[in-house]
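> Line by line, the protein sequences are chains A and B.
Start counting the first sequence at 1; every next residue gets the next number (our numbering).
Start counting the second sequence at 1; every next residue gets the next number (our numbering).
Take the hints with a grain of salt, since some may be wrong.
Claimed, not checked - Here are some of the chain A residues that sit facing chain B, going by a computed Cβ distance under 8 Å:
no.	residue
1	Val143
2	Ser148
3	Tyr150
4	Lys182
5	Phe268
6	Pro331
7	Thr335
8	Val340
9	Ile346
10	Val350
11	Ile357
Stated by the list, open to error - Straight-line alpha carbon distances no greater than 25 Å define the calculated SDA-like cross-link-like pairs of lysine to any residue that follow:
no.	chain 1	residue 1	chain 2	residue 2
12	B	Lys172	A	Asp232
13	B	Lys162	B	Phe283
14	A	Lys227	A	Trp137
15	A	Lys361	B	Leu107
16	A	Lys275	B	Leu85
17	A	Lys329	B	Phe283
It should be emphasised that the hints constitute simulated quantities derived from the structure, not laboratory data.
For glycine and all other residues, C-beta sits at the position ideal for the given N, C-alpha and C.
Chain residues, written in single-letter form:
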Amino acid sequence: MKRESKSGAWMVLLGAAALLVLVTALENTLNPTSNIMLFMALQKGAVYALVAVSMNLLNGFTGLFSLGQAGFMLLGAYTYAILTMPVENREAVYYIYNGCAVNFSLPELLGGGPVGLVLGVVIALILGGCAAAAVAWLIGLPVLRLKSDYLAIATLGFGEIIRAIFQWDKLGPVTNGANALKSFPTFSSFNIPGGLRLSTFMAFLLAGICIAVIVLLINSTYGRAFKAIRDDEVAAEAMGIHLAKHKRLAFCISSFFAGVGGGMFVMFANQAQAKTFTTAMTYEILLIVVIGGIGSVSGSCIAAFLYVAASEWWLRFLDTEIILSNGFKVPFLRTGFRMVVFSIIIMIVVLFFRRGIMGDKELPDLLRPRRKEGAGK
Amino acid sequence: MQYAISILLSGISLGGQYALIAIGYTMVYGILRLINFAHGDVFMVAGLMMVYLSAALPLGLALPLVLLLTVLLGFLIERAAYKPLRTAPRMSVMISAIGVSYLLQNLATYATGGLPQMYPEIPGLSATVTIAGTSVKWATVVTPFLVVALVIALTQLINHTKTGMAMRAVAKDFETAQLIGIRLNAVISVTFVIGSFLAGIGSMLYFTNYQSVVPLSGALPGLRAFVAAVFGGIGSVPGAVVGAFIIGLSESVIKGSNWSVFSDAFTFALLIVILVVKPTGLFGEKVTDKV
Numbered sequence: 001m002k003r004e005s006k007s008g009a010w011m012v013l014l015g016a017a018a019l020l021v022l023v024t025a026l027e028n029t030l031n032p033t034s035n036i037m038l039f040m041a042l043q044k045g046a047v048y049a050l051v052a053v054s055m056n057l058l059n060g061f062t063g064l065f066s067l068g069q070a071g072f073m074l075l076g077a078y079t080y081a082i083l084t085m086p087v088e089n090r091e092a093v094y095y096i097y098n099g100c101a102v103n104f105s106l107p108e109l110l111g112g113g114p115v116g117l118v119l120g121v122v123i124a125l126i127l128g129g130c131a132a133a134a135v136a137w138l139i140g141l142p143v144l145r146l147k148s149d150y151l152a153i154a155t156l157g158f159g160e161i162i163r164a165i166f167q168w169d170k171l172g173p174v175t176n177g178a179n180a181l182k183s184f185p186t187f188s189s190f191n192i193p194g195g196l197r198l199s200t201f202m203a204f205l206l207a208g209i210c211i212a213v214i215v216l217l218i219n220s221t222y223g224r225a226f227k228a229i230r231d232d233e234v235a236a237e238a239m240g241i242h243l244a245k246h247k248r249l250a251f252c253i254s255s256f257f258a259g260v261g262g263g264m265f266v267m268f269a270n271q272a273q274a275k276t277f278t279t280a281m282t283y284e285i286l287l288i289v290v291i292g293g294i295g296s297v298s299g300s301c302i303a304a305f306l307y308v309a310a311s312e313w314w315l316r317f318l319d320t321e322i323i324l325s326n327g328f329k330v331p332f333l334r335t336g337f338r339m340v341v342f343s344i345i346i347m348i349v350v351l352f353f354r355r356g357i358m359g360d361k362e363l364p365d366l367l368r369p370r371r372k373e374g375a376g377k
Numbered sequence: 001m002q003y004a005i006s007i008l009l010s011g012i013s014l015g016g017q018y019a020l021i022a023i024g025y026t027m028v029y030g031i032l033r034l035i036n037f038a039h040g041d042v043f044m045v046a047g048l049m050m051v052y053l054s055a056a057l058p059l060g061l062a063l064p065l066v067l068l069l070t071v072l073l074g075f076l077i078e079r080a081a082y083k084p085l086r087t088a089p090r091m092s093v094m095i096s097a098i099g100v101s102y103l104l105q106n107l108a109t110y111a112t113g114g115l116p117q118m119y120p121e122i123p124g125l126s127a128t129v130t131i132a133g134t135s136v137k138w139a140t141v142v143t144p145f146l147v148v149a150l151v152i153a154l155t156q157l158i159n160h161t162k163t164g165m166a167m168r169a170v171a172k173d174f175e176t177a178q179l180i181g182i183r184l185n186a187v188i189s190v191t192f193v194i195g196s197f198l199a200g201i202g203s204m205l206y207f208t209n210y211q212s213v214v215p216l217s218g219a220l221p222g223l224r225a226f227v228a229a230v231f232g233g234i235g236s237v238p239g240a241v242v243g244a245f246i247i248g249l250s251e252s253v254i255k256g257s258n259w260s261v262f263s264d265a266f267t268f269a270l271l272i273v274i275l276v277v278k279p280t281g282l283f284g285e286k287v288t289d290k291v
């Protein structure tokens, strides 16, 4: 048994490394302007994969139905943006508030240059995650006592409260009020001018490391405790699992990675604005988790890429009118039709493929030859 | 003084409109234990249908037709999206509700092209009247009375008719109700029909006051109404109404002060406080979990 899980781990590691190499190769061989949709889908997909896995940790593995993900992403996003924005840009971005109250930038503090950039970005992302985790700890004190639907609606409420606070103009010198934060390092800052293009590689690397940490956690004793809580709270408590402690831990860790994901999201989007982190975003991520299979990390990752690619790229043609060569105008096609088709697809998945793409299995489980009944005992 | 009265009036009318939506949430939750996230969007679609139908038909015909179509929409949503999941875990049904809400919003964006639609004037409701020096629309004045009348009618229905008795039985115990011969699907359909009907009326009153309908205009009123339902004790109709008036009034007061950014934040803070202090809401019944 031990040996098998070890070989599985090697397989996953090799697969991840191959994926990274493939992405870098793609990025440096294909023309970045004509394939912009591909790289956009890949980057956004990587970010969403991380956030979806973090939500899956909570909803799928611990059985806590939380809808506050967008709020935690917002915390991470703003922390990242404020900490990494170059000082000389601050005057222009915060022009309404006559400059920013925070007058340092991590990449510059760390000496600037490529090393400072990488270190600064990583530290800012981690701090963003910590900010989200700290708030999650505070929120968790009252909220984690609630059950299922009530927990969902309370966390949803907290997401909205966080958004309102960040849009408050009294905090303008820090958060720039309802206006967007711009000109901080993004994924494309990692493209070496005249050399390797590393923007998509960076997105995959960061998301991959975070997801790997989550997977390790899920396979640890803590992860087993989380699953026990999901399956039966009362039985778990009777087995000596400290319910409150483990729930809080799962909530904070999930929020930490949501915060990191939020930071990566603004790296992808090039700007941070509170109004993008709405409940609709949480729903999007929840749908990804469901499509991938609740309780499957690899399912969430696959679903994130499929979701992003389908909604932003593959179905894009539905938004423009097509007139065939014989003058026949294809009916229905106009702005907005893409999302209608897309939501119908989602409804079909939710209604008829209830277990999602992977169910609660992982990718290596499918590759491994099926053992005979009882052989594992 | 004048200002205070205008805030009070708008708060009461807002509360009444939320109450009409909240009843739909609370009844569905009482029976199916499902947060019907699509309910706010049904409310929005009712507003949009009014915009389109009143442009094509005389108002006397459009009004009842809108109510009829809204009811039909609610019924169809239940049959198509929730009934197939009757035996599935509760989370799947909730996700299906989120999916329906997403679909309705996207359909509305497609139909309107994303542009705000002007709500038609309804004679009688859109006219203004002056009360204690503040001029308000009739819709504002009519709302609380209409709500009270409808709620009395609804409680009569729930407490004194056979259908109402069946609804209470199903809310109490799903399986036993089925065993004693209650037609589950019929009861659930009636619940959705009533909820959608009230949401349709609510949308007429709400949009007469706010005038423009956008695809997202159902989302926030829907959430606030749900908060109201939880606040009053989910599953209880009078609780939902009381909760809705409290939420409506506090929103109106905060919108009128310097803290208007925090109106929704306050609503949710209120929700969290009540959930922590009294998880079953003001009028909710205590439930004990069996192991």
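> Does each hint hold? Answer for all of them.
Going down the list of hints, with the structure as the test:
The criterion of a C-beta within 8 Å of any C-beta in chain B is met by A/Val143, whose closest approach is roughly 7 Å, and the hint holds. Restraint check, A/Ser148 versus chain B: the minimum CB separation of about 7 Å is within 8 Å; hint holds. Annotation: A/Tyr150 was flagged as interfacial toward chain B, and the flag holds, the nearest CB pair being 6 Å apart, inside 8 Å. At about 22 Å, the closest approach between the beta carbon of A/Lys182 and any beta carbon in chain B exceeds 8 Å, and the interface hint on this residue is violated.
Taking 8 Å as the C-beta contact cut-off toward chain B, the hint placing A/Phe268 at the interface is violated, the least distance being around 22 Å. Interface hint at A/Pro331: violated, since its Cβ lies 13 Å from the closest Cβ of chain B, which is beyond the 8 Å cut-off. The beta carbon of A/Thr335 comes within 6 Å of a beta carbon in chain B, closer than 8 Å, and the hint placing it at the interface holds. About 5 Å separates the beta-carbon of A/Val340 from the nearest beta-carbon of chain B, less than 8 Å, and the hint is met.
Given the 8 Å rule on beta carbons, the hint for A/Ile346 holds: about 5 Å separates it from the nearest Cβ of chain B. At its closest, the beta carbon of A/Val350 sits 5 Å from a beta carbon of chain B; the interface hint therefore holds under the 8 Å criterion. The restraint placing A/Ile357 at the interface with chain B is violated, with a minimum CB-CB distance near 15 Å, outside the 8 Å limit. As the CA atoms of B/Lys172 and A/Asp232 are separated by approximately 24 Å, the hinted pair is consistent with the 25 Å bound.
The suggested pairing of B/Lys162 with B/Phe283 holds, with an alpha-carbon distance near 24 Å, which does not exceed 25 Å. For the proposed pair A/Lys227 and A/Trp137, the alpha carbon gap of about 20 Å is at most 25 Å, so the pair holds. For the given pair, A/Lys361 sits about 34 Å from B/Leu107 by alpha-carbon distance, which is inconsistent with the 25 Å threshold. Among the hinted pairs, A/Lys275 with B/Leu85 is inconsistent with the structure: their alpha-carbon atoms are about 33 Å apart, more than 25 Å.
With a C-alpha separation of about 58 Å, the suggested pair A/Lys329 and B/Phe283 falls outside the 25 Å cut-off, and the hint is violated.
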